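Asks: If you read the protein sequences in the order shown, they are chains L and G.
Just so you know, we're using this note's numbering here: the first sequence kicks off at 29 and counts up by one.
Just so you know, we're using this note's numbering here: the second sequence kicks off at 621 and counts up by one.
These are calculated hints, taken from the structure and not from any lab test.
Small disclaimer: the values here were computed from a predicted structure and weren't measured.
Treat each hint with caution, since some may be false.
Stated by the list, open to error - Under 7 Å between C-beta atoms, here's a sample of chain L residues computed to sit facing chain G: (1) Gly42; (2) Val44; (3) Phe46; (4) Pro49.
To be verified - Chain G is nowhere near these chain L residues, computed Cβ spacing over 10 Å in every case: (5) Ala168; (6) Arg215; (7) Pro238.
As the list claims (entries may be wrong) - Label pairs and their in silico Cβ distance ranges: (8) L:Arg249 x G:Leu658: 47 to 55 Å; (9) L:Val66 x G:Ser795: 49 to 57 Å; (10) G:Ala672 x L:Arg249: 46 to 54 Å; (11) L:Lys60 x G:Ser795: 30 to 38 Å; (12) G:Leu654 x L:Arg249: 53 to 61 Å; (13) G:Asn668 x L:Thr280: 51 to 59 Å.
Virtual Cβ for every residue (Gly too), placed ideally from N, Cα, C.
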Amino acid sequence: MRTSLLAILLAGCGEVHFVDPNPPRLFQAAIKYTSRAVDEPVVWIAIFNLFFQDATGCAWARETTLSSLRQGFAGAGARQLELPAQDLSPDCRQRGQQQLDVVAVQTAFANSQAVFPGAHVRPVIVYIDDIDLAAPSETAAAIDIVRFWPGGRPILWTVAYQPVTAQLHPDRSADWGFAGDPALATRLAAMVKADLPLQTTASLSSGPVPLLDAAQLETTREFKVCKIPNANVTSFPSVGITHVLDRAHPPTVTFSLPQKVALPRSLFQSSTFSVAVEGCTANCDRYFIGNPGDDPLRWDEADRCLLVNG
Amino acid sequence: MRALIVAALIAPTAFAQQVRVEPRLFVKDHHYFLSGGLTWLERGDYYNSPGAVFSGAYYLRETDALEVRAVIFASWLGSSGQQVVNSTGLVPDSQRPVSLLAAGWRHSLAYGKVALAGSILHFDVQGGGDLGTLLTDRALNPAACGFLGVVARLGNHFYGQLDLALVGSVEQRSSTVFTVGFLPLLTLGGWL
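Bound-form chain L, shown alone:
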């Protein structure tokens, strides 16, 4: 105890360090770039497979459900296209009475691509089934075929009971309630809000991103790039080297961006990159001393950033 007290007193007793009266005037800057995303058009199709013991309400149930779907998809934006619905049990007497017209669906998908030229169309298939049993195997197989349409890897949503959901492994699902369920539109709207419109990376390159802002360009004489992302950088000044600022050609960095195409919003993540820069506005050839007692280093001769790394 006595020894440590003495050590503290001795350490604090007037140590003298040499300092530079005109040290380099440095600043740190962190440039952050976040990739942008564009909304893709929403293309969707409903596939009904409804069964009612009292089939007189079949048309009403179908229209009500379709109306709920439209309400739900209304939140997906203006750029959307509803494809003609498919009905596998037109009179609601027998589930899977008709086979899914795979060719018609795929043709509709292909045509929708032409409606939105340049866009990445990825249709959303909404399968509606009101029976608490697995769907007929032929139906499941047909849905699989259209789901893996090579033109755009459609997304499958179900409005059904759990056995169907477990069978089809949809991207999202909502529980079937009853015909005319007013809450169905709300459940669908939540799914739409979570995933639509689909998102695509806006461009493959960030373009030149300035390393110094306008005010820094006015005052900076020299600068160093301290740290740069390991990948995704295509053009940048050498790291750790002192660069004399050429105001006619301000320093930039260009990032290549990983392309993400037509992903649900819940799965889409913007790519963010950051670059650390150390700038010097005056006395760049003078000594930098990080902490009292550290070796003095001439800032412009040090092959690293000193404020960041010490």
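Chain G: place on chain L using the hints.
Replies: Chain G in isolation, oriented as in the chain L frame:
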């Protein structure tokens, strides 16, 4: 037995001698003491700091006095520090002492006299402490002194004073530090 006989022989001789007690010559009670002299502050700060010191004390009683001190330093950077400055441009982060102003209390610990070159020198051994400020080229820093010294009577109204003081001050260098320096003060003066 032998010791008793020797004591009996010596004792009458001893009682026959006259005992003389010299009255205290160096009386300080209710007197002003003023002096001036030289000093040197050594605190390992790369500066050579000689100085001139002026000191005044008023004795409230024989053993206690209030005092004030003023020291003016003529500091310059020492050769080793100057060499670093010349070669690199770096300077020590210590502050150059300019002056010290302090006031405090001094107390006589002992009174004595010594035969010196045929005369008798009367002196006090004293100690004490001062609080004040150390003015530097950059700031006014709080300072405190503790000292041990000798005040000696050199004549009817003249005296000399040698204090060996430790001066502590709080100073802003690369970080805030508490510095301690050695400050010997030699002054000559008179009392009223």
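Asks: Against the earlier hints, flag every one the structure doesn't satisfy and list their numbers going up.
Replies: Failing hints: none at all.
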